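Novice: Given next are the chains, with one letter for each unit.
There are 2 protein chains.
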Amino acid sequence: MPPRRPLTAGFDFMMTPQQYLIEHQARHIGQLCDYLRLPSVSAQASHREDVGRCAAWIEAHCREIGLNTELHPTRGHPIVLARTPRRPGRRPHFLVYGHYDVQPPEPIELWASPPFEPRVEGHSLFARGASDNKGQHFAHLKAVEAVLATGGELPCDLTFLIEGEEEVGSANLVPFLKQHRKSLRCDAVVISDTGMPARTLPALTYALRGIAALEVIVRGPSRDLHSGIFGGSLDNPAMALARMLAALRDRRGRITVPGFYDQVRPLTRNERRQLARLPFNERSYARFLGVPKLFGEAGFTAWEQRSARPTLEVNGLTSGYQGEGSKTIVPAAASAKLTMRLVPDQSPDVIARLVARHLKSICPPTVRLETRAGHGGLPYLLEPDTSLARAAMRTLELAFGYAPVLLREGGSIPIVTDFKRVLGADTLLLGLALPDDNAHSPNEKFDLRNFAAGARLGTLLWPELAGALAA
Amino acid sequence: MPPRRPLTAGFDFMMTPQQYLIEHQARHIGQLCDYLRLPSVSAQASHREDVGRCAAWIEAHCREIGLNTELHPTRGHPIVLARTPRRPGRRPHFLVYGHYDVQPPEPIELWASPPFEPRVEGHSLFARGASDNKGQHFAHLKAVEAVLATGGELPCDLTFLIEGEEEVGSANLVPFLKQHRKSLRCDAVVISDTGMPARTLPALTYALRGIAALEVIVRGPSRDLHSGIFGGSLDNPAMALARMLAALRDRRGRITVPGFYDQVRPLTRNERRQLARLPFNERSYARFLGVPKLFGEAGFTAWEQRSARPTLEVNGLTSGYQGEGSKTIVPAAASAKLTMRLVPDQSPDVIARLVARHLKSICPPTVRLETRAGHGGLPYLLEPDTSLARAAMRTLELAFGYAPVLLREGGSIPIVTDFKRVLGADTLLLGLALPDDNAHSPNEKFDLRNFAAGARLGTLLWPELAGALAA
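Just so you know, the sequences run in chain order A and B.
Residues 1 to 471 (our numbering) are what the first sequence spells out, left to right.
Residues 1 to 471 (our numbering) are what the second sequence spells out, left to right.
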């Protein structure tokens, strides 16, 4: 089916895309509300049909605004592809990623209004999925609509890839990317699915931490032993584990595993300066976390500690008796689940091996140690000094009217490394979510000013990126 | 109902009690088998009637051998009292404690023969309860039978107190003791419900460890936090707990809590000499425990470490995510269940307070600490140099034909401190169980040579103890 012109085309040819966005803002918000009314909860089998309906809805919408669409079934929920009309000749190609599935809304009783009945209050649009991620990729779609509707010409080809399984692990995405590697090959990926620190601080997230998981099991006696009859004459695996864990970090918050920091690329002066611009109030941050006092690696700010420095965390401890009251045993074993967050250029395999080897070297001869490496994920870094990144920064400033910041994200976004691995493409993370958008929580919202700025960003971004590639 | 003479009385008046025991050994073993056939499993409601039948059986048996009996119902299972015929005048009074209830036999499939079908193989009588505790107190009953049947006269009054709830915590014993305090007041309690290190090492257990329980909870953030987004900028409660636990013990196995050892009564040279006589093979002990290497407080032997020195053990650890795979969180809290085993003259309250106070002093300001004192039990010590203890030692040598050892038990036996507290009486622990008797395990057995020696012990004990009191 050939793309068709929007109905308003005649009048809109008189406008710039930015004017078009202002003119049509109310209508666009109404469309977004229609999109948000579809309860596309990918994690819940009872919403299976809703997820499918939502995929069909966004596919139809992409077609309506002039894109060529494809709905691809997968083993799970379908993937929507929507391409701008292709022009002859070799042109830059960018992929815009988004996801139409949403987190479960539970606990429903904590919502001020029903999660799938969008409600505008002040500048906020409340609904499950408003910010994560329907509102964010919808802004990019509205930008393309604006360009096409005003008769503008894109200096590049765009492919929107909108999946329906991001909230449940994107299991079918990598096979899909591999299968469509040829048509999806692109110069860069743009994702608006992260956040910005404040409305006045638009951000390019240029780095993500990786991860390495390791389970540590310390075994003592062959079975739980009576602590009265035997206690005192053998080591206690839980005590041995405690001693080993305690030895992994020094009092200044530095991981003591030899070689742990060897592959860490130091922060540049410019990066530290950028991170220092981020708003931070120690007391309110501690209150937000609920801790009596902050703690982290000495010599680094909290922003650096949580996004640009590697960590070693105990995620769980298990040993012996955990029920009510007490059971007087020397437990047979004690175990800890560890994950290390990694920064460029650390490797999950190397770090898991280093930690395991160090634990082995400090394990006393009175217990047996077993370590099991778990999942791993590479850290990600887009050189902030590349022409693409600089172009993105310029566009952010134009779209938002504020100087943008370079941001690192402490978590991992596996699809970003997937895009790099399968398509060879870097990703520009241009998040539109605010810290109080309640993603994954009750009363999720999206700031409509960011919706507008995000759409404006979309109208300005492609010429800048295409220009950067040409330069 | 007046006590009646055993049927064999006429002939038995020609014998000593010891000869009588030899003469009637086979018959006594048959009676013990009848006793063991009653599945008096106090923990299992399905055996409620069996427990009652067993109480009635042992009461009737006591009556048959010439004792005055009483069956006292309790809120749980009945308590049997059986007294030797009282003589006029103030005479020494000893209480003999035993229990007719047994541990559940499960797992049944691990038994070589059915747990309630007694089977003799070599010197062993296999059945649930054979050693713990039916066989042991039955030996004392046979001793009294032998004295009475041969026309001998006891130099003291004896009361057998045989309860049916030892394996489920003896909840009704203390109220019963308080209620019958007057008639149960005695010069000492004799219990054969512990062990001896080898058949050639009869033992007087003269000390028991006490206990103090403490739960330690370390709280960090107000909820589990995403370790990617926040990890690195706050302390991890599991790491903080590990560090605190690790600091409780030094590398030489000594508890570092200030004041922890202040109330410990040092072992005398004689005590250490006695403990050094106990058989010990490091390699086979380590193999038995299943540990690669032993560990304990430096400067003390394994026997001393496990019975005569205080300990601090972690019985359980809990924190964060314990399921399959990993969950990348900074857990909100981490907790440990601790128990300290105490030796004379440590007090559970004092020790729990000292440990809690020390933990507080080493708790970093980045987390919150909560400690909850649990149950406590006093350590027990019968001066081994008293005339009663010396008399018991002499009798052990006479009965077994081997020089006895003075033993400390690492566990706690609450009823011993109960007898001390309520009746004001010391307890002589004259255990007849061997280390391989499998108490509480499948294939429990009792060595019939110890059954014979135990009965012989009973015939010799009362004159010795009465004499010691008179001296």
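Think of the hints as simulated: they come from the structure by calculation, not from any bench.
These figures come from a predicted structure and were not determined experimentally.
Where hints are given, some of them may not hold.
[To be verified] Per the computed footprint, the stretches of chain B lying under chain A, defined by three or more beta-carbons under 8 Å from a beta-carbon of chain A, are:
(1) 207-216
(2) 222-230
(3) 245-254
(4) 312-326
(5) 335-343
(6) 367-376
(7) 400-413
[What the hints assert, rightly or not] Away from chain B, derived, C-beta distances all over 12 Å, residues of chain A:
(8) E117
(9) L248
(10) R309
(11) A466
We treat Cβ as the ideally placed atom computed from N, Cα and C, and that holds for glycine.
Novice: Compare the structure with each hint and give your call.
Specialist: Against the structure, the hints come out as follows:
1. 207-216: holds (count 4)
2. 222-230: It holds: at least three residues are needed, and the segment 222-230 of chain B offers 8 whose Cβ sits within less than 8 Å of chain A.
3. 245-254: holds (count 5)
4. 312-326: holds (count 12)
5. 335-343: Coverage by chain A holds here, the residue count being 4 at a Cβ distance below 8 Å.
6. 367-376: holds (count 4)
7. 400-413: This one holds; 4 residues, not fewer than the three required, reach chain A with a Cβ under 8 Å.
8. E117: holds, 28 Å
9. L248: Answer for L248/A: violated, closest chain B Cβ roughly 8 Å.
10. R309: violated, 6 Å
11. A466: With a cut-off of 12 Å, A466/A remains clear of chain B, as the shortest Cβ separation is near 33 Å.
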